[in-house]
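Residue numbers (the numbering used here), protein chains in the order written: chain A, 1 to 209; chain B, 1 to 209; chain C, 1 to 219; chain D, 1 to 219.
To be clear, the hints were calculated from the coordinates, so they are not data collected in a lab. Please note: incorrect hints may appear among the correct ones.
[To be verified] Just some of the chain D residues that point at chain B, by a computed CB distance under 7 Å: (1) 7; (2) 10; (3) 107; (4) 117; (5) 206; (6) 207.
[Said to hold, decoys possible] In silico PhoX-like pairs for lysine-lysine, Cα to Cα no more than 25 Å straight-line: (7) 78/C to 133/A; (8) 28/A to 133/A; (9) 78/D to 177/D; (10) 111/D to 37/B; (11) 37/A to 111/C; (12) 28/B to 133/B; (13) 78/C to 28/A; (14) 177/C to 78/C; (15) 111/D to 28/B; (16) 205/B to 80/B; (17) 37/B to 78/D; (18) 28/B to 78/D; (19) 78/D to 133/B; (20) 37/A to 78/C; (21) 28/A to 111/C.
Quantities reported herein were computed from a predicted structural model and do not represent experimental measurements. Ideal Cβ positions, reconstructed from N, Cα and C, are used throughout, including at glycine.
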Amino acid sequence: MAHDHAHEHDPHDHDHGQAMPETALRVKALESLLVEKGLVDPAALDAIVDAYENRIGPRNGARIVARAWTDPDYKARLMKDATAAIAEFGYSGAQGEHMVVVENTPAVHNLVVCTLCSCYPWPVLGLPPVWYKSSAYRSRAVIDPRGVLRDFGLSLPDDVAVRVWDSTAEIRYLVLPERPAGTEGLGTEALADLVTRDAMVGTAKVAGP
Amino acid sequence: MAHDHAHEHDPHDHDHGQAMPETALRVKALESLLVEKGLVDPAALDAIVDAYENRIGPRNGARIVARAWTDPDYKARLMKDATAAIAEFGYSGAQGEHMVVVENTPAVHNLVVCTLCSCYPWPVLGLPPVWYKSSAYRSRAVIDPRGVLRDFGLSLPDDVAVRVWDSTAEIRYLVLPERPAGTEGLGTEALADLVTRDAMVGTAKVAGP
Amino acid sequence: MNGVHDMGGMHGFGPVTPEANEPVFHAPWEGRVLALRRAAGAWRRWNIDAGRHTIETLPPAEYLRLSYYEKWFESTIKLVLGAGLVTQRELETGCRDPAVPVATPPLTADKVLPAIMAGGPTLREISATPRFAAGQAVRARDINPVGHTRLPRYVRGRRGTIECDHGAHVFPDSNAKFEGENPQYLYTVRFAARELWGEAANPADAVYLDLWEDYLDAV
Amino acid sequence: MNGVHDMGGMHGFGPVTPEANEPVFHAPWEGRVLALRRAAGAWRRWNIDAGRHTIETLPPAEYLRLSYYEKWFESTIKLVLGAGLVTQRELETGCRDPAVPVATPPLTADKVLPAIMAGGPTLREISATPRFAAGQAVRARDINPVGHTRLPRYVRGRRGTIECDHGAHVFPDSNAKFEGENPQYLYTVRFAARELWGEAANPADAVYLDLWEDYLDAV
Chain A
1 MAHDHAHEHD PHDHDHGQAM PETALRVKAL ESLLVEKGLV DPAALDAIVD AYENRIGPRN
61 GARIVARAWT DPDYKARLMK DATAAIAEFG YSGAQGEHMV VVENTPAVHN LVVCTLCSCY
121 PWPVLGLPPV WYKSSAYRSR AVIDPRGVLR DFGLSLPDDV AVRVWDSTAE IRYLVLPERP
181 AGTEGLGTEA LADLVTRDAM VGTAKVAGP
Chain B
1 MAHDHAHEHD PHDHDHGQAM PETALRVKAL ESLLVEKGLV DPAALDAIVD AYENRIGPRN
61 GARIVARAWT DPDYKARLMK DATAAIAEFG YSGAQGEHMV VVENTPAVHN LVVCTLCSCY
121 PWPVLGLPPV WYKSSAYRSR AVIDPRGVLR DFGLSLPDDV AVRVWDSTAE IRYLVLPERP
181 AGTEGLGTEA LADLVTRDAM VGTAKVAGP
Chain C
1 MNGVHDMGGM HGFGPVTPEA NEPVFHAPWE GRVLALRRAA GAWRRWNIDA GRHTIETLPP
61 AEYLRLSYYE KWFESTIKLV LGAGLVTQRE LETGCRDPAV PVATPPLTAD KVLPAIMAGG
121 PTLREISATP RFAAGQAVRA RDINPVGHTR LPRYVRGRRG TIECDHGAHV FPDSNAKFEG
181 ENPQYLYTVR FAARELWGEA ANPADAVYLD LWEDYLDAV
Chain D
1 MNGVHDMGGM HGFGPVTPEA NEPVFHAPWE GRVLALRRAA GAWRRWNIDA GRHTIETLPP
61 AEYLRLSYYE KWFESTIKLV LGAGLVTQRE LETGCRDPAV PVATPPLTAD KVLPAIMAGG
121 PTLREISATP RFAAGQAVRA RDINPVGHTR LPRYVRGRRG TIECDHGAHV FPDSNAKFEG
181 ENPQYLYTVR FAARELWGEA ANPADAVYLD LWEDYLDAV
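Could you build all of it, start to finish, from the sequences and the hints given here?
And the structure:
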């Protein structure tokens, strides 16, 4: 599993944002100033943080995937107009205004990146993980996608085509992973439990139960 | 004049190497260790520093230029086989093993850079200045040479062709600048006094006396 | 701009290192930065493309050194200063200029979820017809603008094939400079990995990018 | 490698800022770094290409942050460690391992100027004839080696014209890996600025690079 990787980091790589106290203090000072000037509402700040900590995350995408696996009509709508099909679940908006779903098959593996910043489909996956935003991922995903997948423990045969989606415009991509064997009897909530964030970015496959 | 530029630096640009004491201490420690192990001779270190501080510098190149301006036979040899013609002055060796001279004319202006590191013709110009080694120069010289020249106070008309020599292999380039007007009566030493390092890299012209 | 942010195809950053059980935020200040940027953005003094450009124009060594939210924070400061929402003096002292009346925030807590759900669609209706059609061969233009662009360097001058068009979308290159939305057709273009990276690449592989009409020429 | 050192064509580093009356060294330690590198290099445990590669493989944010001599220093440490001239423990303690006999330096003060004057020529005699001739059209290959190369990214895939050949020279890509000198013809190739940077470039301008035969294809 990708998440069994040891967590080793270059000492120069601050991408985990271990709060240097100075940054925390400077952020607090800016917030105080903007609140004092009446430019931002502190309750609105709390609501934004709450939305992304508690409401909007990869569980959304997992439900979409599970439904597509079990409902051929839904899958057809999803592949034809992902934005509308995703909105059926009430997921929409910021960083997911224009959605496209790309389907993994035994012959095709899809991988999503944004080389220019870190564009990511927030309404269905939440905020991106640190590795997705890292220079290592952004630089290598387009030139060495198979090497990146090996970093996640996934080795693809040469005859599986790798399609990398460099999402530098405002179209956002969600990978529809392959449904694993041995899941015929499961309902959509149980299926959604199997679908990881990484599988919907394309850096992992979905493992069976 | 190029050197009248104010010396302003980005606070993040350490290229001037204002000795962080820590670096100086670490260098001293490495030197002590290598000397103690008998790997390097401290007198040899002194001799290397002395060579580049006192013996090998842009005065060498200026003498070549002055001679080429005043001696057509020498200039012909210099343009045909620069390494041999330069060796006539006793200048040779490290970072100038294979020399080429490129000539500025009213129609052609030459500029030398090394985008991959900071290759530079040491035997004739000495060690490169900080600006030559800077990311700003290395990145822009090939894509925006005219903008770089403007940073040095030199605006070239559009119909003067700019030739940029990106010296990433082991051939080293020296620019033969145009001889300024009003120098007909000067001898080679007086002419050499006019020839600046920047003119031999191509970021300046030679001003008259 | 050909900035260090345009890093597709670079080597040297080491392996990708996923973190087990990664939290949404690694410290509370990260969430506050996200929230401040969105809440201040509700004043509509800048757009998403201009915001991205302020991140790209951080000094390159800083761009590589700072974390994602640190970059967002530094760029948010540039944005609120540039928009005149705060002054340099206010920022330095931490105290508001008493001569400026206290404002009323446009984004209140009750409006947060509706604003997130609405987002900022970039699709626009235009009267022009698409210049390219699915299956057509194109070449990404050799442009090197010093301003914002979403045409990565690694595809410039390379041949690809139009997969589909997504209708007309706001053009980032002009929008980032507040020179208008200039909406134009946006296409998914397929580039064979070998066209981008040479014969060492797997012949089955490809990279897909969404590119605006002004980034493309017919071949 | 497609490293951050390969910066030809990048934006964002600001203006070039010459320094008036610049000294050869800005601090004594800079001269000592230059001297240490040359003197330790006299052991011939590495070559110039391998030395350059140790600089290129510094972490990218460090590469951009450090000064020229700081980069040389960090890479010299990597070289002397990699060559086994010093051990990690010696470096950390600052004390030599007494089990290793004291050596005799190969470079003494009297040999310094002759060694500088001799340099390290890279010209080699080979029996092959040049594959290209002056005036011939060529294209720089699309290669993306992860090791050392002297083919900058900004010319890859671009068309140029052979200006002249310089005879056969040591090939850096193999030499840096200690896989042999593999000497081959080195050519000056002219690239029109418009071929590299598009129509915004001045049609009179050109960039010249010295490229090895293995970097070039006929067109």
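Fill in: Hint numbers not upheld by this structure, sorted from lowest to highest
none
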